[in-house]
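Here is what each chain is made of, one letter per residue.
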Amino acid sequence: MNNQAVTNGIGSSRSTRRISKKPQYSRFTQQELPAWKPILTPGWVIASILAIAFLFIPIGLFSLFASKRVVEIVYRYDQDCLPEMYRGNATAYIKNSDANKTCIENITVPKRMDPPIYVYYQLDYFYQNHRRYVKSRGDKQLRSVGYEFLTKECEPEARVNKSKISSPIVPCGLIAWSLFNDTYNLTLREKVLNINKKGIAWKSDTEDKFGSQVYPKNFQLGQDMIGGGKLNEKIPLSEQEDLIVWMRTAALPTFRKLYGKINTSLEAHDIITVALQNNYNTYSFGGQKKLVLSTTGWIDGKNDFLGIAYLMVGGICLFMALNFILLYVFKPRPLGDPSYLSWNRKAAN
Amino acid sequence: MAFKRHERVQFSKIYSLSCLRPSRSDEHGQIGQKGYSRVVYCNDPDNLEAVRYRGNYVSTTKYTAVNFIPKSLFEQFRRVANIYFLVVACVSFSPLAPFQASSILFPLLFVIGATMAKEGVEDWRRRKQDIKANNRKIHVYKDHSFSERKWKDLRVGDLVKVYKDEYFPADLLLLSSSYPDGICYVETMNLDGETNLKLKHAFDFTASLQDDDSFQQFKAVVKCEDPNEDLYSFVGNLCHNNNQHPLSLQQFLLRDSKLRNTEYVYGVVIFTGHDTKVMQNATDPPSKRSKIERRMDKIIYVLFSTLISISFIGSIFFGIRTNRDLNHGSYQRWYLEPSRTTALYDPKRPGLAAFLHFLTGLMLYGYLIPISLYVSIEMVKVLQSIFINQDLDMYHEETNRPARARTSNLNEELGQVDTILSDKTGTLTCNSMEFVKCSIAGVSYGRGLTEVELALAKRKNVDQLDDANTSNVSDGQTVKSRKSIKGFNFWDERIMDGQWVNEPNSDSIQKFFRVLAICHTAIPEVNKDTGELSYEAESPDEAAFVIAAKEVGFEFFQRTQTHISLHECENGKKIDRSYELLDMIEFSSARKRMSVIIRNAENQLLLLCKGADSVMFDKLSKQSQPLEDQTKNHINKYAEAGLRTLVIAYRPLDEVEYKTWHDEFLAAKTSVSVDRDSLVDAAAEKIERDLILLGSTAVEDKLQKGVPECIEKLSNAGIKIWVLTGDKMETAINIGYACRLLAQGMKQIVITLDSPDIKALEKQTDRDAIAKASRESIRKQLEEGRSQLDSPKNKSSSVLFALIIDGRSLTFALEKNLEGLFLDVATDCSSVICCRSSPKQKALVTKMVKEGTRKTTLAIGDGANDVGMLQEADIGVGISGAEGMQAVMASDFAIAQFRFLERLLLVHGHWCYRRIAMMIRYFFYKNITFGFTLFWFEAHASFSGQPAYNDWYMSFYNVFFTSLPVIALGVFDQDVSARLCLKYPRLYQEGVQNILFNWPRILGWMFNGVLSSMIIFFICKNSTIHQAFRDDGHVIDYEILGVLMYTCVVWAVNCQMALSINYFTWIQHFFIWGSIFFWYVFLVIYGYLKPEWSTTAYRVFVEACAPSPFYWMTTFLVVASTLLPYFMYRAFQTRFHPMYHDEILRRRSEGGEVETSQTTPAELPDRVKDKMDHLSERMKHSHREI
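Chains as they are written, first to last, in our numbering: chain G, 1 to 349; chain W, 1 to 1186.
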């Protein structure tokens, strides 16, 4: 009886073993999918680099031309605005709150500038991208009042001791604390040039990152060191556009930030009088301060680099393409000969 | 009981030789002591002792549910790179970290999780197999009857009943079997790969326990050795009725072997589960790593040192800059408030700050180390293995076996094989022996032409063959029309169809075939359904003899313990004859012969003997003299034709002589002493003399299909092929010609010890002197070979050399002081044949080649004797042929036929090598590109450790934006199609010379990475430096520069990938362009999250980047410029120093090659056939649906 069962079992197991193990045919498993197989033939090489050349050179010319059309006035004032007597000790001057910081200078417009004309300030050697600096801000605190005690990231500009109670600084952190506070007043032909300071910040910043209910608090009370500018405690953060612009940290140590816009056009040879408050300390780390007036062109601000780079890459491609053409014309290779190989040559010797 | 009881026979008598072999008594003395302490109470289930031992539950899994997490984690962190990332992840919770801890933990968890999931799936498969094995059923004795139980519930001491063709569930002590004398046959294929049946024998006093009821009173105690892994010894005592009986392997049935030819057996469980010998033996084969992977480790170290050095440079600059912040008591960068700072930035302690920054740097530049490299490579290799397994061109229809990659970590090594070491029998040949010729009484019969003869004829350019053979050509038709019989390819009208009686020496012919029919150890098996007779033989040779005898008319049909019965044709009538079997002197490799002593119906005593010519000719009687020369002549001819020969002889014995000899022989067999074997041999020697020569047989081991073509291809690919065979030198050389290993015009350097002076020396007994002389002789021959190779004449004429060496010479050539010279000569020869080599020598030769040349070796073999070689070589390929699974189990790849090696190496090997090499190179490229952009940015942030990008961009870099295209490259890329790979085998040298993964190329790619990062950073920086970046006057800030640079990196590395591959299926397109597209998708989605989550990425793309023409123009410029250097390099390279595949591609593009396979159906019949099959299959389906 048992025997019967066992033999049956074996019979069935044998029959299952005969199932074919032949792999199923499919183009995928046999690695035969239809494929595009480009090869670097001379024709392809020449065609593609010529294509790049003919694409890049016009783009380069265009952007260089566009850049040249942009009128930009860059005026460095950090040295000019330093009174004679403080030349040797600029830091003492800037730290002296009693010294007169007002400074009046004239700049000439080289070419006609059409509105909108953007007013920037430019700082050099200012590391807004320093790790300590970048992190030192309280994003949540900026957004809503409820989080004003979230100042962990902001040390050492986090709290002030008001009558022995630790009270948070709003906005906290080094970035806000070091707010740029030079001001510019422009006059053209005795008339004040109105600088529009609305709409200089990114929309997403004013709408979502800076709260309309958050008001500055305990800002710049300054125990040991005075930082940069002060804020009007009556205006909510979302409307403090200078602060918002400043708090978008720059990527590189030389940077410009938008100060405002001028909506009148300037003619060539116009002389603009700038009355500026030279408050901001760049002297202690040897930084420069510049005032920039610039129009925008077909492709934005003035930058020759992009055009030149396009032209260079295009030029290199053109040069290489010509070389290749000459090579193939004067020294064509025989049809691919498999023996043309290093180890084969060795073996043949 | 269903089966017949008429077989009340005493087989033990015939096989007494093996059964009565006493175990060594010295070990039995140790029973009960340390190492021999196991006590088994048989048939006593209530005894508490049984509980002491492990159950029969077997688990081969690596992990259990409990230890999976800790153990697999531990495995993961054995990799240096993973430890690094773990440390970084831990440190990232401290303020040292340049980014959020979660963003560094995520990729680590992802990678570790993926690898662990892979491990888990693999282990789950193993577990399923275990469950299957554990739940098999077995009949166990309980409460006076046998009932079914699961394997895993078996306990030590249980009585079990195993039926025919079942596996033994544990190591058993054989008590009795369906045969009255308690023997049974066992197949141990799962253990040692041997297919022949082994005989086991129970004690007489237990053999009488014949049915289920007789076990009621049975009680016994076994004391034996503790579990160990030695398959070939067993020490123990059986205590029954106060008598001690020493146990040996003869009573021991091993788990996983199979009961054959026996209806059932009874046994007692001795070892269970993991205590069984087979489980004790189950150690993982040594895991092999490919050369590329080993080099990859070195590259990782290079990257680590780069990482350390750039962190170091960064921290020095940081230290200097921080130090300058405190200038004569005043603070410079006041906006950083250096007066109230932490140790990280403290200008008063710049040294400490620099050191802490160094740690930060190690984390920040960690992107240089490709975290996902290992897991990607593992995934890719598994997928590559699937392609190997699925390849239809490596599927063998007859045996129903596809190719199988048993390990996936050697795929790319297949593309770098420099030397193939091949076994001959079963690997190059089919290992199905065919009886083709014989020489009887000085006349050669048999007209079939062997493959070797055809090759010989070709080589000698002889058009006119032997007379006897030419006739065959015309009669080819008749040969073909005959029903083909496996193992028999003999055709001669003088012998067949009973015609032999008309031959002048018909008497000899009759005796000759009788010897073939009687002198063997085969067992006949009748197929119950068809009534056909088949034979179970120890070797295919033997089966061929019995079949030949049957075809001529001496049909062996029954074996009992005392008689062998034949159907014989006599005068056209079929009569049964029975021969009484008196003694059997077994075959051994030392004796090289086998004899039986029989008494025939006429009461004549006869000794029938067959053996190797080298021993048999010494034993012939004077009266055989006239035949001897003619037969020797024939044997030499046969050997030349690549046939295996045996000499057949007999001797009539007289009663008295036999009687005295028999007693002596019996005494020798039963003696208990160390030199028992030599006593038996000496006794055998006495009777095996004065033999009368009958003739010789010639058996062909057919070459496998396609072997010569395959070998030719492989040697065209520049792969050296060594054949290691146990054959005679002449046979080996001729097989060498047949499979085109040797060619006409090749010079042979033959190294042998068969010279007369050595032979003369061997007559003496002084072993040292012989060894010394042999060594000298070998040295001289090797040096001669060397000078032949070096001679300017041969060098200039580019003659190819072949080295042929025999086993004895090999022993000396492999010694320390000759090894170098031997290897030197051998590597300069294009082919090497080692004849008469033992399994151990095979392994030694492999080791020597592997270590001596430092190149990749591949060993291929099919038998248990090749296991050493397979494991020693860098890659072991097992032929899953007739000789069991042992070689396959020890191999890394298994194929069904030798000819598949061509496709495995030239196509899959080449592709896998290329894919993995490119993949690793590219991995380093993309990570260096990314890592260095961080460094350049860092240099512009006064080395403060601020990353240029948002944390999550960085952690997704290796996981989402760049990983899939690399995997697609690793799995699918092809430089040239399979057909061209095979057409231009030289292409394979790209792998052998490792030109796709040599240091210049790797460093070149690394340099390319650094270059790309510089181009990306400096173009991005300069093109957007500080001007208005949009027409509303906004300028670029930290967030936007990060997005811009990151966009450029994603574009650059993905386009670089597109540029460096030249095989685009929809998969490549999808992954490459999809990755880039996904970056934008990610940016948009991430930017729309709340500002708390998205931080610096909030609306950055939609609001700031996308509307700016600068953003797009810069991306375009950067991508074109990063690609140009590599593009130019490749353009110049293909022009001035093309690689081989470039040449092939050029030919293809210039119309030299037709790419579509359909136009050349003759070249790819299989492929086309499969396609047609596939199509017709679909047609059928659609018809049915209609």
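The set of hints was computed from the structure by calculation and includes no laboratory data. Please read these numbers as outputs of a predicted model, since none were measured by experiment. One should not assume that every hint holds.
[Stated by the list, open to error] Covered stretches of chain W, going by a simulated chain G footprint (3 or more residues, C-beta under 8 Å):
#, segment
1, 230-241
2, 547-558
3, 611-624
[As the list claims (entries may be wrong)] So, partial list: chain G residues that the calculated Cβ filter (under 7 Å) puts toward chain W:
#, residue
4, Thr41
5, Val109
6, Ile299
Don't be surprised by glycine CBs; every beta carbon is placed ideally from N, CA and C.
For each hint, the structure was consulted:
no.	hint	result
1	230-241	violated (count 0)
2	547-558	violated (count 0)
3	611-624	violated (count 0)
4	Thr41	6 Å, holds
5	Val109	18 Å, violated
6	Ile299	5 Å, holds
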